[in-house]
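So the protein sequences, as listed, match chains A and B. Sequence positions in the first sequence follow the numbering used here and run 1 to 787. Sequence positions in the second sequence follow the numbering used here and run 788 to 1022.
These are computed hints drawn from the structure, not numbers from a lab. Just so it is clear, the structure is predicted and the values come from calculations on it, not from any experiment. We put the beta carbon where it would ideally sit given N, CA and C, even for glycine. Among these hints, one or two may not hold up.
[What the hints assert, rightly or not] A few chain B residues facing chain A, derived, Cβ under 8 Å:
| id | residue |
| --- | --- |
| 1 | Asn840 |
| 2 | Leu845 |
| 3 | Asp846 |
| 4 | Ser850 |
| 5 | Thr869 |
| 6 | Arg873 |
| 7 | Phe878 |
| 8 | Leu889 |
| 9 | Ala896 |
| 10 | Glu947 |
| 11 | Ser989 |
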Amino acid sequence: MAMLDRKLLRDVRRLWAQALAIALVIGGGVATLILAVGSYRSLDETRTAYYERYRFADVFAVVNRAPRTLVDQVAEIPGVAAVDARIAKPALLDIPNYPEPATGQVISLPDIGEPKLNLLYMRLGRTPEPGRADEVVVNEPFAKAHGFGIGSRFSAILNGRKRELVIVGTALSPEFIYTVGPGDLMPDDRRFAIIWMSEKALEGAYNLDGAFSSISVKLLRHASEREVIKRLDALLDRYGGRSAYGRKDQTSHAWIDHELDMLNNMSRTLTPIFLLVSAFLVNLTLSRLVALEREQVGLLKALGYRNGAIAFHYIKLVFVIVTVGVAIGGFAGTWLGVYVTRMFGDYFRFPFLVFVTSPDLYLIAAGLSLLAAILGAIHALRDVVKLAPAVAMQPPAPPRFKRIVSGAYGIDRFVSQPVVMMLRNLGHHPVRATFTVIGMASATAILIVSMFVYDTMESLVDVTYFMADRQDATVSFTEKRASDVTLQVARLPGVILAEPYREVPVRVRFGSVERRVIISGRPRDADLNRIIDINLKPVVLPETGLAISSMLAQILGARVGDSIEIDLLDGARRTVFLPVTALVEDYFGIRGMMESEALARLMRERPVVNSVNLSFDQNRRGEFYTAIKNIPAVSGLGLQRVSLANFRQTIALLVTTMASIYTGLAAVIAFGVIYNSARISLSERARELASLRVLGFTAVEVLWILLLELALLTLLAQPPGWAMGYGLAWVMKTQLAGELMRVRLVVMSSTYVYASAIVIVAAVISGLVVRERINRLDLVAVLKTRD
Amino acid sequence: MHEKVFTAQHLTKVYTTGEVEVRALRGVDLEILNGEVVVLLGPSGSGKSTLLNIMGGLDHASSGHLFFKDLELTALDDRSLTAYRRRSVGFVFQFYNLVPSLTAYENVALVTEISDNPMQPEEALALVGLLDRKDHFPSQLSGGEQQRVAIARAIAKRPEVLLCDEPTGALDSKTGIRVIDALLAINAQLGTTTLIITHNASIQGVAHRTLFFADGQISRIQTNETRQPAAALSW
């Protein structure tokens, strides 16, 4: 082995603590990339594979009752690859020893063979025997939530008749990865079930012999979804078809898309930030580290080594450090990526996971880190090799220090000598001090951007559950009802206040953009279910026209005053033009909002409701539940308390876990940077500090001189760090905004405090580690060697 | 021994250190002959080290000419100076300048690896009497031993000139004498032209000639008719 390489290995061993700290900074950046992008790719690939293997449909439609003979006509629509028709109906459930009303969706399974689309992934048991009206397969999450197994029984009200059902199998379905019950915002496995039954049995129960109520279509590869939907709607219209929709509007798919989007956006936003910050810090640290090698570079030049050979030697050192960093980051990132993929896989209940290995990520991560590190090293080397060897082997010329403020009134007259030393040292290296401050500020900033998501979600909870949707429960009906149902609900035991709520599915069109949304109607003075705008004020709906979500306006490219075309997909099925009279900055979904009477006029109907929002006396909960279970017209009961708990659980998974991982990685980066900063300052000033020891300063006093500078820089870095963190949080918030959910940018003061606290703790730990070094300073060597 | 190794013609060097301008050499004219042992004596700042550094290709002159045999060093760029150092010059520094992470043997090998016709590192270490310490790191060697390793490193590539800057400056007299002895032995065995900078006037006895420096110039040259062996030195 060449002697320079041997020197390299021993240098690495000598510098191991610093090399490891730099490697950790690199590792932090690399791990973020591999974790975030890797897990997103794996989950996305898993979903795609799941969809393909279990033939998840592309287009869906619901009808009241259509003859099975229609299926052939649907199959003939150009672009249609496969069609599956079935019966799908809502049902109220009665579960033994479970007081809260639960609901389900009953879906027919062909008595012979499998469904053509949306296949089941059987987890336990078997499918129902043909014609057996009591045998059912339920979705596994529901079974698990209640501890149900094969043979467990529960009751369901099908078409007004209560039936006792026995579970013969549990299954997963690509169609119901995410199951949200009527009136609910979040999935609740205990209160919403997917129940598959024999087709024959359901035909009997719903009087749908030879007919279907739900149809799914798989498209050919290049088919136009819009065209197929148009033709499908034309076919289904006279059977009470409620406008077909694509995967984008399919609840389960849309939510998973949203969750994966959030994961993706989080990674797309955080990853470059982490990688760039880590690259910047590595560049900064290595250039200082190599600058310390000035005398050795001079010696090697004196011995006849060429600049190229010397540069290559140090680049190899850098390469070793980067390799270790990339290895650490790759290992940690892969491990965390698998952990996150499994966690989300479990959460989505994917029946299998496809782990995508992404060599490109390793290459990008390694390449970027290496480039930044080599540039840092070369930057420092360029200055050193420019010097004649005789000069390089000498310590640098005494720098030209200046009084901080010249003249007799300079502050240096009023502070102690260590403070003067520190201030002059900073004043002499303004660029280095600035970069160190930027480095530490970056550490604070990435901590803030990792943690603020939690604040933002908490604020979303606050706005959604405590300011906007203040009802305790939402009662949904199978069919729309005359508005006097509100009064009936108000008379149920325990009910304090009841408010009607009307929903009309529509297609909105502006220019070439089209979206399927809901227009909700609510009383002008609604007190429970309110609309809250970005300033946290309740929105008063305009008397005429339509208020829409700002996000919808953005998607359509419409502004207040624009007239948008609306296909009403309920009731009279007209196409109308409505002016946009207000934009509402809301947080969930994209929607249109109208005053309920205005909506009734638009629909040319007497006031009707789809659901009733209500508040009730929690002490009379049991009575209320019992009463609800006995109303056949009720299709579901959404409970805010349960919804909130589920929402928090989802947040815990997506946000808290991910944010914790990112915060951990950010903390590692912060520590790596600050430790190196302290350690290199010590090396740069070892002679000066040892001389002070010789002059009689105690180790603590010397440490104080060194750490004073570190402390000042750390503190100076905090305000810009907060500003950078807020800026990055804004970028992230903008990236996270989607059709299903938007967030407010909320960074609580505690987050700034925590971020700074982590950075300061890293500084204190670095100080303690460096203290050991100061105790070991070789005083005799200082006296003996030149300066 | 009549071939000229170095010829300096009105060599000057001006340093700018911080805000101070230092005229380190103020027109030096000089000839060094092949195989000579030359001692450069003078107070700090008299220009000895500056001259040695320029002769060794470690630094550039501000004006004047310096020839190594027929090669004009003052006309060379950095790359050619590196080649010159690599081929022709061995250095011994006051503070040894060993690479702390390499053993005695490896410090010597650091140079033999990049030389055309080097001796074996063992042979060089044997010449300075340190073969038995070859696996020791600098931190495990005394100052004198470290300096002898530095000498072994300097001579291992069979340089034509050996430039020593205060080789005994950090050593006590007994150890210093051993180092001088090693230098003289090399000169005798290999015929290497040797220049030794020192503050220590008593060392001049071992040289063929002594150059006295003052204020960046050679104030006087003294030729020794009879040279002393190192063993006769004391200070």
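Structure-based check of each hint:
1. Asn840: holds, 4 Å
2. Leu845: holds, 4 Å
3. Asp846: holds, 4 Å
4. Ser850: violated, 16 Å
5. Thr869: holds, 5 Å
6. Arg873: Cβ of B:Arg873 sits 3 Å from chain A, so the hint holds.
7. Phe878: holds, 6 Å
8. Leu889: holds, 6 Å
9. Ala896: holds, 5 Å
10. Glu947: violated, 13 Å
11. Ser989: Check failed: Cβ of B:Ser989 comes no nearer than 22 Å to chain A, outside 8 Å.
Figure legend: structure checked against the earlier numbered hints; hints not met, in rising order: 4, 10 and 11.
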